[in-house]
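Quick one: dock chain against chain with the hints and give me the complex.
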Amino acid sequence: MGRMPTGWAGRRGNQRKAGTREDMTDPDGDPDADLLARIGMGEEAAFRTLMAHKLPRVHGLALRLLRDSALADDVAQEVFLRVWRQARAWRPGAARFDTWLHRVALNLCLDRLRRRREVAVAEPPDQVDPAPGADFMLARDAEARRVERAVAALPARQREALVMQVYQGLSNIEAAAALGISVEALESLLARARRALRQQLEDLRP
Amino acid sequence: MTPERFAALAAAYGGAIDRWPADERDAARAFREADPAAADAILAAEAALDAALARWAVPAPGAALAGRIARDAARRRALWRRGRLWLAGLGLAGALASGGAIGAVLVARLVPAGGAACSQSLTVLGAPVPSCGNAANWSDTL
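Order-wise, the sequence lines are chains A and B.
Read in order, the letters of the first sequence are residues 1 to 206 in my numbering.
Read in order, the letters of the second sequence are residues 1001 to 1142 in my numbering.
Here chain B stands alone, though its shape is the one from the complex (with noise of 0.2 Å):
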């Protein structure tokens, strides 16, 4: 490791050669050995700053915090299940619904009209359509 890089990692990452990167850590050590005086020059220049930075301490989080964060959690995760449920029978009401309808539009498309030949009198189903004339007709029918 060259002086100039073992500067710029302390000015960098401090006084602390134990914070710098991890795969630089060696060869500052060694450089270290090497040239204790210049190295712990340049160290003792960081640390003094690291030992100012240290004062800005901050509380810890109030004891509530956490209660309040796991108690919206778990209301929040009940709310979703319910959410959940709702869709899922909202999702079912729908199908019956639509599935109600599709019938329903099917029926009125597919049976003739009263006006309708009387030919054409049997349903999809093969049964004879009320509306198309009296028994006699339907008997010309089949």
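Okay, chain A solo, but in the shape it has when bound (with noise of 0.2 Å):
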């Protein structure tokens, strides 16, 4: 964790691929750079508009990526409270905060993932959880389970460009941004990944 992307003063630069600094800039200034801003002085009011518009969009990236509600109101949290900490040191003009936020919140959620295959191979369950959270599957209709599971069954790098950019909503250099690679790899990324899900949700049309 720790890596902070282009927008907080200190740190620059660590797209791991293309994905230029003119594909990170914004000509029409950043809509989040006032609230950062008053935040940045403190602004308690600020730092609760600003995660009325966000949080929603956070926690629902941290849920379709680790698939658990608990672990996703964490990430969500230390997501914010990274905001709160570290907003007096953004520099409007290079990243998009909104990229910025994804970006952290998928790191965080990678991170996650980590630890809990560590601890699935460290310490073997009795009893096989057939995935987790399966208390917050259970609550929804089967098709959204299928949808579900089909798109958890992608590979990382596919699954994570596909919830950027159909779910979160990105375009394709935010989304390529946030994932650090260029808008050709997420083209390709996004390509296999929905090539896969056609074959699997063949049924699922309206």
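Hints are computed from structural coordinates only; laboratory data are not their basis.
From a predicted model like this one, the values you see are computed outputs, not experimental measurements.
Beta carbons are placed, not taken as given, at the ideal position from N, Cα and C, and that holds for glycine.
You can trust all of the hints, since none of them are fake.
Covered stretches of chain A, as calculated for chain B (at least 3 residues, CB under 8 Å):
| hint | segment |
| --- | --- |
| 1 | 37-47 |
| 2 | 55-68 |
| 3 | 75-82 |
| 4 | 145-152 |
| 5 | 171-183 |
| 6 | 190-196 |
Pasting the structure below:
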């Protein structure tokens, strides 16, 4: 963890591939810049407003990647505490805040998934849980669960790309920046993910 | 836009041209107008997958979560401020203590020991050193 994308003072240029500076820059200005400036000055009301706008998206991302509501709560909490702590260092004009937010949330989710795998390997449970957050899954209808399982079965990077583009509604440039890849690589991941899903969900057509 | 590019964009971004990359939408719409049958067949297949994916909705976070995060943030800021005050106090105390220690070391090093010659019996401040012999000796040096 601890990686800080562009936009925060002091550390820059940690995109893994392509994703040029121009891609990361929003010429029209960051719509969240004003709120962040107020949060940086310690204004709790601004922090609450930002949470009202962003918490459902961050939580939704974590829930779709982790499939565990308690872990998703945990990730969302950590993301927003980082915002609160680091807002003072935010510099408008670099990465969009929303992209940064997705990237931090994604990294925290990957961290949780890694820990969960390590625990599963180190301490195999007596009774195998078929899926994390099984209680959460039971509350949904069968079709939704089929889609969830099909998305969960995708290779990790394809799943992340699909969630960013389809469910988080990020543009191609934002999704690529959040994943730290080029737009071309994103397009390739999305095409492969959708091809696999088409086969899996063939009969789920309207 | 070529038919291949149109199909590739649909395969990656789905059946709604509005969700395709902004810099390719106009060309895609022009392609669709030029060949609606071919374009719509491609889009329809992807739109069906979009509809299937849309069935996976996730519940919104509980109302308590936002409150918990806000309380935690406020608590951490209070702790941070208190920590800063403590650090400032510790810094001041440290500065005072080290100042005193440095002063003591300087005095110990610059003031001649009891056995030193009385010809050097002035302190750095110009005062006579009381340990250097008796009052009569002092008058000798003045």
